[in-house]
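Asker: Listed below, chain by chain, are the residues.
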Amino acid sequence: MYVVAGPDGERAELDLVTLIVARVADPPPSASPEQAALLRLCAAPLSVAELSAYLHLPFSAMGVLLTELLTAELVQARAPIVRQSRTDRSLLEAVMNGLQRL
Amino acid sequence: MDFKGSDTIPGPRAEDQLPHTAQSAAKIVIVGGFGVGKTTMVGSVSEITPLTTEETMTQAGIGVDDNFGSASKTATTVAMDFGRISITEQLVLYLFGTPGQQRFWFLWNGLFEGALGAVVLVDTRRLEVSFDVMGRLEERGVPFVVAVNAFPDAPRYAIEELRTALDLTPDIPIMECDARRRASSRDVLMTLMRFLHSLAMTGSRT
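Going down the list, the sequences are from chains A and B. Going by my numbering, the letters in the first sequence line up with residues 92 to 193, in that order. Going by my numbering, the letters in the second sequence line up with residues 578 to 783, in that order.
Only chain B is shown next, with the shape it has when bound in the complex (with noise of 0.2 Å):
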C-alpha cells in the first residue's frame, strides 16, 4: 500500500471534528449478509458520512462461499464501513457495519468481543445466512436484537413467523425496520439499548 504523503491527507471536515471533551468511546456492531443494507442503515443514523477502515487477508483466510475471494489473488482486502453518533460530550458511539462472515471479525481486534452489542441486519429472501451469524454472537456471549431489513420486493411475514423461522427465544428483541430512514434505524438502536438495559437489570448473561 502506497502511502501518499501528508499533504494529500484530507481530514474531517470542520464540523465533524470531535470536541477536545470526548474522552471514550463505545461500538456497536451491526452484522448481516452481503447486500443487506448494513452501510445504509449506519449511514442513516451517522453524523458523519460513513467511513471505510480496511484490513487485508491473506489466501488462507480466503474462503470459496462469498463473493470476496478471487482464486487468482493471493491477498483480499476487507472493508467495514462504519458511523458514528455523538451522544455527550464525553462520549462516542461508533457503529460498525460488518460481513457475516466469522473469519473476517478476527481482522479487526476486539471488534465484537469490546462491543455493547449487535443489531443482526436480516433479508427475509436470505434467512439462511442469519443463523451462523446468530449462533457466532450467542458462542461470543454478543447481545444482539434482530431487524428485519423490508426490502420493497422481499416477502412480508409477521414477526412472530419470523421469530419461529429464524429459531429465536423469546428474549430476544425481533422488529422490522427501513434501514433508509434515520428514525427506523434509530428505534433499532433503542431496542438494543433496553435490551442491554434489561440484561444489565437482570444480569441474565455476562
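Extracted from the complex, chain A is given alone in its bound form (with noise of 0.2 Å):
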C-alpha cells in the first residue's frame, strides 16, 4: 500500500499513524461520500488508524481513499517518526517528558 507522501512526489507506505490534513475547508462537489467524509474529519490532522475508526473503514481501504485524495491534492500526508537503527534520542527524551507530565 503506496501513497504519494510529499510535495515533491515523493512514494512513501501509508502508515497506521502518518497523519492526515485536508487541505480545502469544505469538500469539493466532485468528491465522493467517503471522501468529504474523510475530509470533513481531518480539518485538524488525524492519524490513519483515527480515520479507519471512524470511518468504519478496514486500514486497507483507507489505502485506496487515501491514494486518491493525496493525487487530488485534498490532503496533505504527515510522515510518522519509525524506528531506525540509532534512534533519535532527543525524540525519546521528549517522549519520556511528556508520559512524566501524564
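Since the hints were derived computationally from the structure, they do not count as laboratory data. Please note that the accuracy of each hint is not assured.
Unchecked claim - Quick look at which bits of chain A chain B covers, simulated, 3 or more residues with Cβ under 8 Å:
1) 129–139
2) 146–153
3) 169–177
4) 180–189
Glycine included, C-beta positions come from ideal geometry on N, C-alpha and C.
Now that you have both chains on their own, put them together as the hints suggest.
Answerer: Written as C-alpha cells, this is what we have:
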C-alpha cells in the first residue's frame, strides 16, 4: 500500500500513524461520500488509524481512499517517526518528558 | 462493508482534536495474548477513549489455535484497539494493543517495523503465550520490555523467577504492573523509553 507523500512527489508507505490533514475547507462537489466524510474528519490532523476507526473502514481500504485524495491534492500526509537503527535520543527524551506529565 | 454516508459519521469530539501544529506521530505496540489486558492498558494512559481499527482476514490466514476464526466463515474481522498521548504540540504518540498471533501482525502495514518499541504484556497463568511473541519480536529486531499484569487471582512470582521462566536475557527489563492504573501503565511506558534510550546510547541493537 503506497501513497504519494511529500510535495515533491516521493512515494512513502501509508502507516497507521501517518497524520492526514485536509487542504481544503470544504469537500469539492466532485467528492464521493467517503471522500467528503474523510475530508470533514481531518479538518484538524488525524491519524490514518483514527480515520479508519471513525469511518468504520478497514485499514486496507484507507490506502485506496487516501491515494485518491492525495493525488487530487485535497489532503496532506505528514510522515510518521519510525524506528531507525539509531533512534534519535532527543525524541525519546521528549517522549519521556511527555509521559512524566501524565 | 456498507458505507453509512458522511452525515452519520461522528468524528472526534472537539477536545479530542489534535492541534494543527501536530507534525508527526510515533507508535508503540502493546502485544499479548487474548484477555491479558492490552486494551485496559491502552485505555488507562490514553487521552482519548480507545478506538478500534479493523482489518479483514481471508480464510487462508485463519488458524485453528485462536478464538477469532470460525470454520463456517470465509473472512474474519480482526480488531485492534488503540489510544493516543499528545507529547508536545508537534509530536503525538499512539499505542496499539495487538493480538499475540503473528499472522495478525501482517494485516497492518509496518505495525511492528515502524514502532519505536513494544510492551509484551504477560499473564502469569498463561506464560506460554509470551514465548512465541518474544521470539518473533527478537527475529524482527523490535526492542521490547516485559510487563506482568498482576491479576488479583493469578499466582504471584518474584520477578527474577519470571525472568527465568520466560528465558529473558538480563538486559531486557521486566516489571509487574496493574494495567488498570494510569500511573502503573505510564511507568511501563517510561521503562520502555528508558530501555530504548539506553540502546540508542550503546548502539547495541539495530
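Asker: Confirm or reject each hint.
Answerer: Cross-check of the supplied hints:
1. 129–139: Three-residue rule met by the region 129–139 of chain A, so holds; n is 6.
2. 146–153: With 7 residues close enough to chain B, the hint holds.
3. 169–177: holds (count 8)
4. 180–189: Held - the region 180–189 of chain A has 9 residues with a Cβ nearer than 8 Å to chain B, which meets the minimum of three.
In terms of the numbered hints stated before, the structure departs from none.
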